[in-house]
Amino acid sequence: MHIELLDEPFQPFQRLADYQPARTDAGATAVFIGTSRDYNLGETVSALHLEHYPGMTERQLQEITAYAEQRWTVLDGLVVHRVGLLKPGEAIVLVAVWAGHRGDAFDACRFIMEELKHKAPFWKKEQLADGRQRWVEQNSTGYAG
Amino acid sequence: MAIKIIFFARLRELSGHAELTVSLPVPTTPRAVWQHVLPDLALPEPLLVAIDQNYAQLDSPVQDGQEVAFFPPVTGG
Numbered sequence: 033m034h035i036e037l038l039d040e041p042f043q044p045f046q047r048l049a050d051y052q053p054a055r056t057d058a059g060a061t062a063v064f065i066g067t068s069r070d071y072n073l074g075e076t077v078s079a080l081h082l083e084h085y086p087g088m089t090e091r092q093l094q095e096i097t098a099y100a101e102q103r104w105t106v107l108d109g110l111v112v113h114r115v116g117l118l119k120p121g122e123a124i125v126l127v128a129v130w131a132g133h134r135g136d137a138f139d140a141c142r143f144i145m146e147e148l149k150h151k152a153p154f155w156k157k158e159q160l161a162d163g164r165q166r167w168v169e170q171n172s173t174g175y176a177g
Numbered sequence: 106m107a108i109k110i111i112f113f114a115r116l117r118e119l120s121g122h123a124e125l126t127v128s129l130p131v132p133t134t135p136r137a138v139w140q141h142v143l144p145d146l147a148l149p150e151p152l153l154v155a156i157d158q159n160y161a162q163l164d165s166p167v168q169d170g171q172e173v174a175f176f177p178p179v180t181g182g
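As they're listed, the protein sequences go chains R and V.
Number 175 in this note's numbering belongs to position 143 of the first sequence; there are no gaps in the numbering.
Number 117 in this note's numbering belongs to position 12 of the second sequence; there are no gaps in the numbering.
It should be emphasised that the hints constitute simulated quantities derived from the structure, not laboratory data.
Misleading hints may appear alongside valid ones.
[To be verified] If the Cβ cut is set under 8 angstroms, some of the chain R residues that face chain V in the computed set are:
#, residue
1, Gly66
2, Met88
3, His113
4, Val125
5, Asn171
The beta carbon of each residue, even a glycine, is placed where N, CA and C say it ideally should be.
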């Protein structure tokens, strides 16, 4: 799987089209895209700053994707994550998994995303419309319930 | 030899430090490192710790030349 951290905006669908492996055995592709929102906790968010721990972030993402490759039968994967300053509407994260069948693609994609949320050392700080700044305390649950 | 200490996100603001280096008798622990650097600041909860960029515990052993990082729960993705 391919992992990349970007400090500039990226177009997730374009990145996906550019990366998509030229193979004929990938019957299933699962994709998750996370996007910067313009609201949180009832307030308007004007920008998001994403801080990370250089080195440990890459190491964690490599461990997570390596585990997913062992546990499920996947053919390829792509993980792209932004750092730096993001405006609402900009993509934060792209996770794509190619597999022979949908079960492996869905489950590996979901696993990578949830593990990334809990283990990869990134931190979000919100800039609010009124000029205040605040750290995001914790990620929301990943399951709709 | 020395131990490199890094604080991230809210803990960088709380501690007033981004990165510093200390000399301590080894083996030591992240807990002892924190208490040495910030004797007046109780360990915050929740708190995550890494040694040489791997998750560790507050009482895991730290050797000379290692890197200890303190940070709050992660919020990426």
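So, going through the hints one by one against the coordinates:
1. Gly66: holds, 5 angstroms
2. Met88: holds, 4 angstroms
3. His113: Holds - the Cβ of His113/R comes within 8 angstroms of chain V, reaching about 7 angstroms at its closest.
4. Val125: holds, 5 angstroms
5. Asn171: Cβ of Asn171/R sits 5 angstroms from chain V, so the hint holds.
Violated hints: none; the structure is consistent with every hint.
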